[in-house]
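Chains as they are written, first to last, in our numbering: chain L, 24 to 607; chain A, 1213 to 1333.
Take these hints with a grain of salt, some might be off.
[Unchecked claim] In silico SDA-like cross-links for lysine to any residue, where the CA-CA straight-line distance does not exceed 25 Å:
#  : chain 1 : residue 1 : chain 2 : residue 2
1  : A       : K1310     : L       : W94
2  : A       : K1241     : L       : P254
3  : A       : K1241     : L       : V55
4  : A       : K1310     : L       : L53
5  : A       : K1241     : L       : G81
6  : A       : K1310     : A       : L1281
7  : A       : K1241     : L       : G29
8  : A       : K1310     : L       : I474
9  : A       : K1241     : L       : V255
10 : A       : K1310     : L       : T31
11 : A       : K1310     : L       : R32
12 : A       : K1310     : A       : E1320
13 : A       : K1241     : L       : R79
Worth flagging that the hints you see were computed from the coordinates, not collected in a lab. Being a predicted model, the structure only gives us computed values, none of them experimental.
As a plain string of letters, each chain reads:
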Amino acid sequence: MSLTGGLTRRLRMLFHRRQFQQDLDDEMRLHVELRREQQMEAGADPESARQAALRRFGNTTRLRQESERAWGWEWLETLLQDAAYGVRSMLRTPGVTSIALLSLALGIGANTAIFSFLDAVMLRMLPVKAPQQLVKLGTGRSAGITDNFGDPGLYSYPFYRLFRSQNAVFSDTAAYFSLTNDVHGFVDDRSTPDLIHVQAVSGSYFETLGVESHLGRLLDEADDSTDSQHPVLVISDAFWKRVLGQSPDVLHHTIRLGDVTYQIVGVAPADFFGTTVGERPDAWAPLSMEPQIPPGWGNNKNDFYEALYIFGRLKPGVTTAPATANTNVLFRSILLGFPDAKLTKENLDSLNRTHVALQSMARGLSNLRYEYSEPLEVLMAIVALVLLIACANIANLLLARSTARARELAVRQALGAGRTRIIRQLLTESLVLALAGGGLGIGFAAVANRILLRMISQGAETIPLDVSLNLPLLGFTCAITVATALLFGTLPALRATRLDLTESLKSGRGGSAGRARSPLARVLVVGQVAISLLLMVGACLFQRTLINLSHVNAGFNPDHVLTLSIDSSGKGFKENDPREWAFF
Amino acid sequence: MTALIRRKSAPDRSHDEIPPGTLYLLILKTLAVRGRLHGYEIAESILSCSDDVLQVEEGSLYPALQRMLIQGWVTAEWGVTAGNRRARYYTITAAGRKQLGAEISQFERVMGAIVRVLETA
């Protein structure tokens, strides 16, 4: 018979256990009765007929157990029994249990929360094709517009064009405006504007990243060929869902920004959030349109209107060193070749000192990273210590509990419980504790993550950052704490079950009074106190600093003062429009 | 002295325990020949077919039947006996007949070997 058939039959038995046992009992009772009647017909008196029938049938209890064992669910039953017993014994000592659970939840939760954050901000790769091949020019630390002669991080549009055609090390290069433009635009003929974060990107942007559109098409070189002639937008999946209700005819919709009406030509894939971690543009426009978003902003003609980031995909086999050399040679020759370059001595000196570093773009750019890398690393170290304390705490509690239970174990052994059975039961109990703690920890991590994100976000909008729980690390912390619980829940059991029973029965009567604690427990306590002291001093210092900071005198009365910013581009106001000044 | 070492129950020479491992064979064969039977009938049938020599330890039928149910060799359904009692009736399946063939050939192989050993002695 097939294995699956056997399995379905076994499962059916598991779900209809009561019925099954009832059937078996009925069947066996019938057998004994029939045998008794047969004996009576043969001439036996009722009592001896009954006894003969029972004798011939055998031990009913044993047979019933044997029948049930045939179905192979015995392990599950003992597991459930042990788990139930574990829960009961946990509830008997609510103090110990709640402290153990709390340590587990803190250890697992804090670590997972902070690491998920660290991962989102510092470690995760961009969701694009082969991200490790991508490098950016400069550090990406500065953003905005500059007219410095030869800035190593920001570039002008003409520079990007020349660099793209002349370099020998990148299979493709792309540029994007270093700032995301927050503008208000009108979808179709709607009367209320929506806030739209627009990122202006070169026509090669999506192709260099190797991103495929979810719907329609993405931007291409043709969109970026002539200034202000290509009013097209690619919108993000989130914007499509939020503002356009995920409508399938999205390609027939338009968005009006200022005076210009843009055609929506495509939707980016859901996991693509651009190239800056912590930002999530709603739409991408070609750089050719940058001067219109908002009007009067951006300049693609000026050789020294430096506001773009440039990144590229290294050709196969090209390493960073030759690429850096080639980039720096080009950097100088392009800048010096601009007809309007002011070749003063000062500028030339500064150009000679400037070096363009190539940095990996695999994890994108992020201001969050520069701001929060160090705090996150410090926090990570702290929560790792918390995990250590949590483990020591659980170890100690379980050690103490198991030692106190030595007598109980001895009694049970004396009553005939097998050693493996006792150890298995203690294992199950520890597991129940560890799993409950793990569950609490996950809940704690999920809440803590949201609170952390809220804390570093300014204003009403939460930073769009995917800080969903990091599963590998969650697995790691859970494994560590569970392993601790199992190890320290079972070690004493191994020791206790090897005891001389009579000794244990006699001496354990007075509880743990006068019993010397094991050296292991002492080491754990010392370590725990030491780490806790360290963390507490650190926490007190931090708190003191925080309190001091909130009392800094800014030199003015900050009560009831708010800041206000106005986006007038939606009404078609040009930059520095006199009407705007008149408003104030 | 002998009176003091009386056996609690003298071994019953009229019945022989069935050889180990042949319980499935006997049950399957009985069901294959007699069709639909309940547990008591199976035990009685084995006893009477073997001229009251082979005695199944009656209770041990039931764990064996459970194992055979899992294997899919037999199916069970509730029915009513001639004496108007509720009983669980067992029927052999196609898989059970296949298993019966396998058990028979294995048994014959072992028996044949034992017989050959006895003959050479």
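Hint by hint, here is what the structure shows:
1. With a C-alpha separation of about 22 Å, the suggested pairing of K1310 of chain A with W94 of chain L holds against the 25 Å cut-off.
2. A distance of roughly 86 Å separates the Cα atoms of K1241 of chain A and P254 of chain L; the hinted pair therefore is violated under the 25 Å criterion.
3. The hinted pair formed by K1241 of chain A and V55 of chain L meets the criterion: a straight-line CA distance of about 23 Å does not exceed 25 Å.
4. The suggested pairing of K1310 of chain A with L53 of chain L is violated, with an alpha-carbon distance near 30 Å, which exceeds 25 Å.
5. Taken as a hint, the K1241 of chain A and G81 of chain L pair is honoured in the structure, with Cα atoms around 23 Å apart against an allowance of 25 Å.
6. Under the criterion of a C-alpha separation no larger than 25 Å, the hint pairing K1310 of chain A with L1281 of chain A is consistent with the structure, at around 15 Å.
7. Proximity of K1241 of chain A to G29 of chain L is assessed by CA-CA distance (about 22 Å); at most 25 Å being required, the pair is judged to hold.
8. A hinted pair counts as satisfied when its Cα atoms are at most 25 Å apart, and K1310 of chain A with I474 of chain L does not qualify at roughly 66 Å.
9. At most 25 Å may separate the alpha-carbon atoms for a hinted pair to count; K1241 of chain A and V255 of chain L exceed this at roughly 82 Å.
10. As the CA atoms of K1310 of chain A and T31 of chain L are separated by approximately 21 Å, the hinted pair is consistent with the 25 Å bound.
11. The straight-line distance between the Cα atoms of K1310 of chain A and R32 of chain L is roughly 19 Å, inside the 25 Å bound, and the hint therefore holds.
12. Annotation: proposed proximity of K1310 of chain A to E1320 of chain A holds, straight-line Cα distance about 16 Å (limit 25 Å).
13. For the given pair, K1241 of chain A sits about 22 Å from R79 of chain L by alpha-carbon distance, which is consistent with the 25 Å threshold.
Of the numbered hints stated above, those contradicted by the structure are hints 2, 4, 8 and 9, listed in ascending order.
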